[in-house]
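Using the sequences plus the hints, can you model the full thing?
If you want the building blocks of each chain, they are given just below.
2 protein chains.
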Amino acid sequence: ADAAAGKAKSGVCAACHGVDGNSMVPMYPKLAGQHPAYLEAALKAYRDGQRTGGNAAIMAPMAKTLSDADIADLAAYFNSQAHK
Amino acid sequence: ADAAAGKAKSGVCAACHGVDGNSMVPMYPKLAGQHPAYLEAALKAYRDGQRTGGNAAIMAPMAKTLSDADIADLAAYFNSQAHK
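Protein sequences appear in the order of chains R and Y.
The numbering of the first sequence is this note's numbering, which starts it at 556 and goes up by one.
The numbering of the second sequence is this note's numbering, which starts it at 556 and goes up by one.
Hints in this document: simulated from the structure, not taken from any laboratory.
Take these hints with a grain of salt, some might be off.
Below, in silico cross-link-like pairs of lysine to aspartate or glutamate (EDC-like), each with a Cα-Cα straight-line distance of 20 Å or less [to be verified]: (1) R:LYS564 <-> R:ASP625; (2) R:LYS639 <-> R:ASP575; (3) Y:LYS639 <-> R:ASP575; (4) R:LYS562 <-> R:ASP575; (5) R:LYS599 <-> R:ASP625; (6) R:LYS639 <-> Y:ASP575.
Right, here's the structure in full:
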């Protein structure tokens with residue numbers, strides 16, 4: 556996976572999760588330093604309709620536009636950010 | 556919420572997420588330092604069947620046994636742990 560490519564695609568994520576994945580909004584999870592495998596699984600669950608509660612209404616449409624490669628790159632990017 | 560009470564109830568969580576919430580298993584998310592509001596929303600989504608993919612098969616039965624107070628305490632506990 557390519558964290559730099561992930562950063563380039565992370566603009567829309569930054570609105571809620573913060574540019575470096577350290578969300579300042581309690582309802583939105585911090586992504587910085589999270590395991591990439593988990594981030595990928597979560598994004599795919601949103602994309603594939605396996606998460607319907609909570610933030611799914613926001614996340615599902617976002618995730619639908621992402622390819623597996625996009626998801627791997629985004630996961631690599633946010634994992635590479637320091638958790639604050 | 557009571558982080559100490561959360562710690563007392565976190566034994567079963569520690570198996571996958573680590574005693575301090577810094578999971579060493581890529582598939583299981585790190586909980587340490589995560590926003591409590593997000594942790595609560597995620598646990599309730601598992602409890603209420605709104606998450607079915609990925610780790611839901613493990614998490615749903617765990618979450619079903621938890622009251623709202625348990626969930627708030629667990630979220631407070633893991634939030635209080637330093638992310639590593």
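Hint check results:
1. R:LYS564 <-> R:ASP625: 8 Å, holds
2. R:LYS639 <-> R:ASP575: 9 Å, holds
3. Y:LYS639 <-> R:ASP575: 16 Å, holds
4. R:LYS562 <-> R:ASP575: With Cα atoms ~9 Å apart, LYS562 (chain R) and ASP575 (chain R) stay inside 20 Å; holds.
5. R:LYS599 <-> R:ASP625: Judged against 20 Å, a Cα distance of about 11 Å means the pair holds.
6. R:LYS639 <-> Y:ASP575: 16 Å, holds
Checked against the numbered hints above, the structure violates none of them.
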